[in-house]
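Position in the sequence shown counted from 1, then plus 35, gives you the numbering used here.
Honestly, the hints are just simulated from the structure, not real lab data.
Please note that the accuracy of each hint is not assured.
To be verified - Below 20 Å or equal to it, Euclidean Cα-Cα: the simulated SDA-like pairs (lysine to any residue) are:
| id | residue 1 | residue 2 |
| --- | --- | --- |
| 1 | Lys58 | Ile227 |
| 2 | Lys58 | Val42 |
| 3 | Lys58 | Ile72 |
The structure presented is a predicted model; accordingly, all values stated were derived computationally and were not measured.
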Amino acid sequence: MTRRTDVPWLTYVATAVVAVGLKAHYCRATVSDLAWILEPTATLVGWVVNQPLRQDADLGWLPPGGSFVIAPACAGVNFLILVFTVSAVGFAHRWGAARQRCAWLVTVMGTAYLLTIVVNAVRIVITVWLYEADVRAGWLTPPRAHRLAGSIIYLGGLWAAWISLDHLTARGRPLLTAPAWASTGILSAAYIGMTVLLPLANGAWGRADARFGEHAITVSLVALSAILLHSLVRWATSGPTPHAPTGSAGLCGARGGCHEQADDPGGRRRAGDC
């Protein structure tokens, strides 16, 4: 029998290899290299906005009027890597056998891929609508609304994936469910690490200048606000802890492209500074 204290090191190593491999591929990828994720995303976006998108070998996928571009920087690969990594690492210990963990990795990768297409399509459609609405209110300009909406949608999608997989893997074992406060903190930290700290380590600041600065500030504020908001909600809804009955175990609690809120804050046609 596999002990619950066993640490699934091989699963962690496999997850790291896949994540690093995807990142290396993405950072040098062109439009054709990313067709595996850009094309289904463009198809879904085109269906929602009722405009069939065509491929441009140099730019990406565009509608007939060319009002926006789904470029490599808009592919959502960083989000895919993030969902895959936190889900695989976060819940692998709940599977006892090696074959179960292998199946979990495959399941999580497929889930991350499908979720990325849906979440990224939603982000792009909302961005297009924001640009068409020409949202302007003091500090809030269309590019800033773009970044803000993208950060909220990506972080919300990551959180929804975590919560869903947490309950799925703990089904029938409620004591395994992770505390909600832990998920908010972990996911916010992971999101900042992927979208701010890692690009900084790769020299994004020097190549993207002020655009990356605004991107970093927006992402950080959204992530930290999520922690603060969740803390306030928990504080407001918390009450005296009821005493459990004796013998009860209890339960534990776009015009011009997508470069401003994209996987590549620098806005290159390639994935580039990611």
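Checked hints:
With a C-alpha separation of about 16 Å, the suggested pairing of Lys58 with Ile227 holds against the 20 Å cut-off. For the hint linking Lys58 to Val42, the alpha-carbon distance of about 25 Å lies beyond 20 Å, and the restraint is violated. At roughly 14 Å between alpha-carbon atoms, Lys58 and Ile72 fall within 20 Å of each other, so this suggested pair holds.
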